[in-house]
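Enquirer: The residues making up each chain are set out below.
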Amino acid sequence: MKPLEVKNVNKLYNDFIALKNINFSVDEGEIFGIIGPNGAGKSTLIKIITSAIKPTSGKVFIFGKDNVQRSVISKFFGVVFQEVNLDPKLTVKENLFFHSILYDFSSKKANELIDYFSEKFNFKKYLDFKIEKISGGTKRMVELARALFHNPKILILDEPTVGLDINSRQNFWKFVLELNEKNKITIILTSHHIDEIKLCSRILYLQNGEISFIGKSEEFLTSYYGKN
Amino acid sequence: MEKIKKNFIKIFIILYREILRWWRNKFKVFTTVTQPFIWTIFFGIGLGKIIDVKEIASILNYSGPINYLLFIFPGMIGTTVIFVSFSFGHSFVEEKEKGFLKPIILSPTPTWIIILGKILASGIVGALQGLLVNILSFIYFKDVAVTILTFPVLIILGILSGAIGIFFAIFFKNIGSYDSLLFFLVIPAILLSGAYFPIELTPIWMIKISQFNPFYYGIEMVKKVFFASLSLEKDLSNLKEILATKGFGVLETIFFNLFFIILFITLISVIIKHKSLE
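Residue numbers (the numbering used here), protein chains in the order written: chain W, 1 to 228; chain Y, 229 to 506.
Only chain Y is shown next, with the shape it has when bound in the complex:
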């Protein structure tokens, strides 16, 4: 029991350290929040003129009034979370490169605790930055349910993105190479996640590829919760109906996200058993 308590304290202290390091880098906080805004403005205004909104509304199973900006809002929140949480992999490589990780991995603290603390921190920080963007949705939609109900799934998406980021970070020794992953892997994965256009409207081979893309399930989860929350009446009179029509879809995407989180954490555990983090 004492050992479990100590391990919890250690996970918390790693998590707290990561949050502190993130918060002290104000410029990074600023850029990661503003980047999706810029994307949204350009995509929203640019693509909004040419994309058929009616088709999107039928795909989303959403009966309220819709425009392209509304469609990409949850995608933008999700993208913020993915960028922020994935960047914990960058921070991990930086710690390896500059040697800050060395005293931590040489401590008696098991490596899995260090990794778990970092992944949880990436989830929380990613979700908090997603929440900052989400607060805008509150200003825009005047709907508190959207802001509150999407937050838990943002944590799940953050943990997933952080786990993927740290999984790749294990193999890299310098930041430059790791960052090239962003262009090679993350941006294509975000484009194939359905954040900015519905995957269902793309050619079949793109749909097939997206089925192996963890971020697709992450963005789907955020979109499903976002639009289900937006459909709720203020007095919750249609709660049963929403749960019946959209509940299964939400649970299904949460399940896929949890599957990918478990998969990546298992892969990380197996790799760090055989590979030095140096």
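Bound conformation, chain W alone:
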């Protein structure tokens, strides 16, 4: 069963066509890139996949299950969003703790997970810091940890390294690629960075809400960037 199948998805905002007839599927363990210029519909597509918004028409299936059943499918994926959305009024630990309870973990298990991930992603010393007091790179690591708490089979990364310095980006990708390799976690990525696009096995290129290319990333890079 495919981790993700998108079938005939259309999204209209009044008369504006945000997405038109989107069809694709993603294989298990694949790093799949959704790219395109600003306003092409990438974030709208990610929102539809994660069931944050409903498509005007069409269906999305996560491991064969219709994604309208949010309580069922949300355990399959973890998301790192484009913008940091950790609550700045709460500490790192509180953000992670509240999140894990919403994913049905007991408080004992939640604390174990916080210990494990904060150790693995090097933010243990910041656990009692409010989010507003930690660096952008650490925030990203906390968000990555939060996305992985429930051991998802799909990791959705929506421009995850925007605003990060080179070191933080390298650290972030070191952990993500390790997860992909060891745990065979499927990764769906949107990015504007060419070195991140190169990590993808396949690329879907969106332009004005339509698919203008879908295929291997090497082919995409040759046809779109090779000419320049």
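Pairwise CB distance ranges, derived in the manner of DEER restraints:
{"hint": "1", "chain 1": "Y", "residue 1": "ILE403", "chain 2": "W", "residue 2": "ASN151", "range": "28 to 38 Å"}
{"hint": "2", "chain 1": "W", "residue 1": "LYS59", "chain 2": "Y", "residue 2": "PHE258", "range": "42 to 52 Å"}
{"hint": "3", "chain 1": "W", "residue 1": "GLN207", "chain 2": "Y", "residue 2": "PHE240", "range": "46 to 56 Å"}
{"hint": "4", "chain 1": "Y", "residue 1": "LEU471", "chain 2": "W", "residue 2": "SER71", "range": "44 to 54 Å"}
{"hint": "5", "chain 1": "W", "residue 1": "GLY163", "chain 2": "Y", "residue 2": "TRP433", "range": "49 to 59 Å"}
{"hint": "6", "chain 1": "Y", "residue 1": "GLY327", "chain 2": "W", "residue 2": "ASP195", "range": "18 to 28 Å"}
{"hint": "7", "chain 1": "W", "residue 1": "GLY39", "chain 2": "Y", "residue 2": "PHE411", "range": "30 to 40 Å"}
{"hint": "8", "chain 1": "W", "residue 1": "LYS182", "chain 2": "Y", "residue 2": "GLU322", "range": "31 to 41 Å"}
{"hint": "9", "chain 1": "Y", "residue 1": "SER405", "chain 2": "W", "residue 2": "GLY163", "range": "19 to 29 Å"}
{"hint": "10", "chain 1": "Y", "residue 1": "PHE399", "chain 2": "W", "residue 2": "ASP27", "range": "39 to 49 Å"}
{"hint": "11", "chain 1": "Y", "residue 1": "PHE411", "chain 2": "W", "residue 2": "ASP195", "range": "45 to 55 Å"}
{"hint": "12", "chain 1": "W", "residue 1": "SER71", "chain 2": "Y", "residue 2": "PHE379", "range": "33 to 43 Å"}
No more than 27 Å apart at the CA atoms, straight line, and that leaves these computed lysine-lysine pairs for BS3-like:
{"hint": "13", "chain 1": "Y", "residue 1": "LYS234", "chain 2": "W", "residue 2": "LYS108"}
{"hint": "14", "chain 1": "Y", "residue 1": "LYS330", "chain 2": "W", "residue 2": "LYS108"}
{"hint": "15", "chain 1": "W", "residue 1": "LYS124", "chain 2": "Y", "residue 2": "LYS326"}
{"hint": "16", "chain 1": "W", "residue 1": "LYS59", "chain 2": "W", "residue 2": "LYS20"}
{"hint": "17", "chain 1": "Y", "residue 1": "LYS231", "chain 2": "W", "residue 2": "LYS109"}
{"hint": "18", "chain 1": "W", "residue 1": "LYS59", "chain 2": "Y", "residue 2": "LYS501"}
{"hint": "19", "chain 1": "Y", "residue 1": "LYS401", "chain 2": "W", "residue 2": "LYS89"}
{"hint": "20", "chain 1": "W", "residue 1": "LYS174", "chain 2": "W", "residue 2": "LYS133"}
{"hint": "21", "chain 1": "W", "residue 1": "LYS120", "chain 2": "W", "residue 2": "LYS130"}
{"hint": "22", "chain 1": "W", "residue 1": "LYS108", "chain 2": "Y", "residue 2": "LYS231"}
{"hint": "23", "chain 1": "W", "residue 1": "LYS130", "chain 2": "Y", "residue 2": "LYS254"}
{"hint": "24", "chain 1": "Y", "residue 1": "LYS401", "chain 2": "W", "residue 2": "LYS130"}
{"hint": "25", "chain 1": "W", "residue 1": "LYS184", "chain 2": "W", "residue 2": "LYS7"}
{"hint": "26", "chain 1": "W", "residue 1": "LYS93", "chain 2": "Y", "residue 2": "LYS256"}
{"hint": "27", "chain 1": "W", "residue 1": "LYS89", "chain 2": "Y", "residue 2": "LYS254"}
{"hint": "28", "chain 1": "Y", "residue 1": "LYS233", "chain 2": "Y", "residue 2": "LYS330"}
{"hint": "29", "chain 1": "W", "residue 1": "LYS20", "chain 2": "W", "residue 2": "LYS7"}
{"hint": "30", "chain 1": "W", "residue 1": "LYS120", "chain 2": "Y", "residue 2": "LYS330"}
{"hint": "31", "chain 1": "W", "residue 1": "LYS54", "chain 2": "Y", "residue 2": "LYS401"}
{"hint": "32", "chain 1": "Y", "residue 1": "LYS234", "chain 2": "W", "residue 2": "LYS75"}
{"hint": "33", "chain 1": "Y", "residue 1": "LYS256", "chain 2": "W", "residue 2": "LYS130"}
{"hint": "34", "chain 1": "W", "residue 1": "LYS184", "chain 2": "W", "residue 2": "LYS198"}
Among chain W residues calculated to face chain Y with C-beta under 10 Å, some are:
{"hint": "35", "residue": "VAL72"}
{"hint": "36", "residue": "PHE77"}
{"hint": "37", "residue": "VAL79"}
{"hint": "38", "residue": "LEU86"}
{"hint": "39", "residue": "PRO88"}
{"hint": "40", "residue": "LEU90"}
Keep in mind the hints are simulated off the structure, nothing from the lab.
Glycine included, every Cβ here is placed at the ideal spot set by N, Cα and C.
On the provided structure of chain W, position chain Y as indicated by the hints.
Expert: Same frame as chain W, but now just chain Y:
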């Protein structure tokens, strides 16, 4: 049974999160408590000079000594609760605007649990801030019954105000637009609630409008419990008499408040089934 237990824990955790977020914003706590004081001082001293207190006493069905400041005290407590609890709608829009709500709504937790947790938190926080103001009434009136007995109805008023605040918050995507509601809707609704002057003394068309104003029933409930508590003798010897003369009025206003709470929660449930919270 296990599922019910988990849902209770989730409602509690949302509620706890909201209370923590509120408590960490000390400036907001300070301003929402002091604002009604300022109103009370200016209204109390200003309008107190021109309003006929005898007429108010007859409307209130209260036989003790009364002045205008005493009349607006429960209104001021109620207004504090309304402002604080309604502001949870502001916090909800802020969470939508800044994206903090996104990971919560994408979790397996049903949306109704998230909303219910937030509404309950708004009720408790609103009532707690109302209680802070109410403690002053204890200093002023030296009457512990007033402070204790009004607290439960403050929670009801808080839940009602929070439900109304979150109901409107569902439709707004930015804080600026939502906050304009405060001037467009909430302040007129508070003025028409009877908190600062008796609605019964206003023209008939204002009385008619106030009958559709949920805050009118909220403030009426607080006023009725406040003055009934104030009428109680220290040894409760007149409890039966107070219950007989004022009990029905209190129950009636509680009923109207519960009606509006159920109405708004039902509306919220229907809307979120068809509308994304994004």
